[in-house]
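Number of protein chains: 2
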Amino acid sequence: MIDTLAVVGATGAVGRIIVSLLLERQFPARRIKLLASPRSAGRPMEVAGARLEVEVLRPESFEGVDIAIGSTPDEVAAEFVPWAVERGCIVVDESAFYRMRADVPLVIPEVNADAIDSHRGIIASPNCSTTQLVMVMKPLHDAARVRRVIVSTYQAVSGAGLSASLEMEQATAAWLAGTPETKAIFPHPIAANLIPQIGSARPGGSTSEEMKMVLETRKILGDDSIGVNATCIRVPVANCHSESILIETERKLSAADARRLLEAMPGVVVIDDLEAKLYPMPRECSGRDEVFVGRIREDASSPCGISLWCVSDNLRKGAATNAVQIAEHLARRAAAGRGAVPA
Amino acid sequence: MIDTLAVVGATGAVGRIIVSLLLERQFPARRIKLLASPRSAGRPMEVAGARLEVEVLRPESFEGVDIAIGSTPDEVAAEFVPWAVERGCIVVDESAFYRMRADVPLVIPEVNADAIDSHRGIIASPNCSTTQLVMVMKPLHDAARVRRVIVSTYQAVSGAGLSASLEMEQATAAWLAGTPETKAIFPHPIAANLIPQIGSARPGGSTSEEMKMVLETRKILGDDSIGVNATCIRVPVANCHSESILIETERKLSAADARRLLEAMPGVVVIDDLEAKLYPMPRECSGRDEVFVGRIREDASSPCGISLWCVSDNLRKGAATNAVQIAEHLARRAAAGRGAVPA
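Chains as they are written, first to last, in this note's numbering: chain Z, -4 to 338; chain H, -4 to 338.
Keep in mind that the hints were calculated from the coordinates and are not lab data. Among these hints, one or two may not hold up.
Since the list gives no way to pick one copy over another, a pair counts as held whenever it fits inside one copy or between any two copies.
Keeping only pairs whose Cα atoms sit at most 20 Å apart, straight-line, the calculated EDC-like set for lysine to aspartate or glutamate is [claimed, not checked]:
| id | residue 1 | residue 2 |
| --- | --- | --- |
| 1 | 28 | 50 |
| 2 | 178 | 270 |
| 3 | 272 | 176 |
| 4 | 178 | 279 |
| 5 | 247 | 137 |
| 6 | 28 | 48 |
| 7 | 28 | 55 |
| 8 | 247 | 258 |
Generate coordinates for the entire structure from the input sequences, incorporating the hints supplied.
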């Protein structure tokens, strides 16, 4: 049992889920403290029937806090994380700001929980589209060494925040009615459309979202020789990111091998019976904490390739659930006297 | 100028576009005859302000018809095409029924118009998702020899017919309102969802749509050694199929090379400026006859790979436009006295 855990950005789309997960999973902390920007703080927040106070985020917020989970934009993380670390608080950060720093472990607990021990105050949680990809790569990598992965994403609007979800609903209603559509969050109409850009332009023609998938995948698996080709597309789906993935391995895996390995992977659920029209779909996987996989088949265009279809709730395993799992590891380490949490 | 051209399945989603294209492009036929099933025939059809009579499809319909363009389900094509061919009519068929027959050329006029001459009464038009893929592969294949292509599709509901489009609109309205959604055409909810199955299950875990992309691509390019990995996904978009494509070539092409080759390809339009947020999107490409390409970039995960994003109106270049182009070739050959049309 730790003393205090803080949630930074508690009122956001992911923050709300973090809070409900902490309550639901009975996180071993005496106190949970909710922090948000002055714009959102002050109003009480209703979670699972409980009314919780939200305090304004400031440097002193972290006095006496053992662990903080942050779900904020990068620029907010850049500011608050040092406030917390200076006060001896360990931060599990959802933002992209610290992920690629050499002294910050980037962690998916089912994949590289051991990396948690090497932290120096900050542990980063990966990008949503990376997490579900690496969750399916991991067991195949361990069994047959992944050499290359080619992934095309189908990313839900919820990844762009609560206002993006609202924009999709309003734009879709307007599209159906043939009236003008609001467009504030997305650069192009999102109703019944596809936007082949997530994030900003990067040298070489990729987007920042695609580069996150390349760099974070290699860091989490600890293998910079893995080739990653990513194409990230925004689709008019409310929640859950989906991915069409082709994994090339050094040693041949049959579809049956891959299915068996994935079924044995903690946190992964295989739904795979094409004849019976069974495979994961975003509407069914929304609200679930696992990564779902189907359409597992051998690639006829390469000697050692496995194709599959992967769906996961980007707000949960792609964000909130993963961060809470990391915090649970930290709390367990503290309870075991491994000193991960200051006394 | 030929005497009579018939459109079979004239009242369907693609049939209506075929008729309007024939009028718009002033197809060189003295008479255009519209044919449909007894269920649809009898009622006059309004196209571009003109009222046209639709006759019931029967064997005698093809007496005196030079060219027929068919857009019907496979089982209808299986029946009517022999009626036409026996009467000396050349059939341009949109269905999948004859595509893979050795004595039937499978044609995209910009890619393999020469194959038209080898016909023995039937010329097949490819599957919509194949046509746009091969249109972008062709110039890269000619320049650097394509060895493998990996494609993930984002396919619009219009590909499943007029009633599928209606189902998406009704289901989306119901989804927004939180009321029960109709589900007759699609096996799963289509509103704000993704369905990773188009067509039926095939041995090896692929779908029939995916196998069409594999086999038709090789046949059109005349190269069975090209590896094709296809994943076909239905998305909640009204019209236009989109594809995330990775093309591996024998000789290295830079992104600039690929862009230049694609810009020079007839029927292809390049929209590619990520900094300016310019790339093809389905809502903008709907109603257009070309194949649109953007996000052209080099693949960092292989020595000779080009990634790109391709959007095309599946009812037009993916179906109606391509068939009309083939019929125009036939009419030109007849005018040039090459005997492609019986005297």
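Hint by hint, which ones does the structure fall short of?
none
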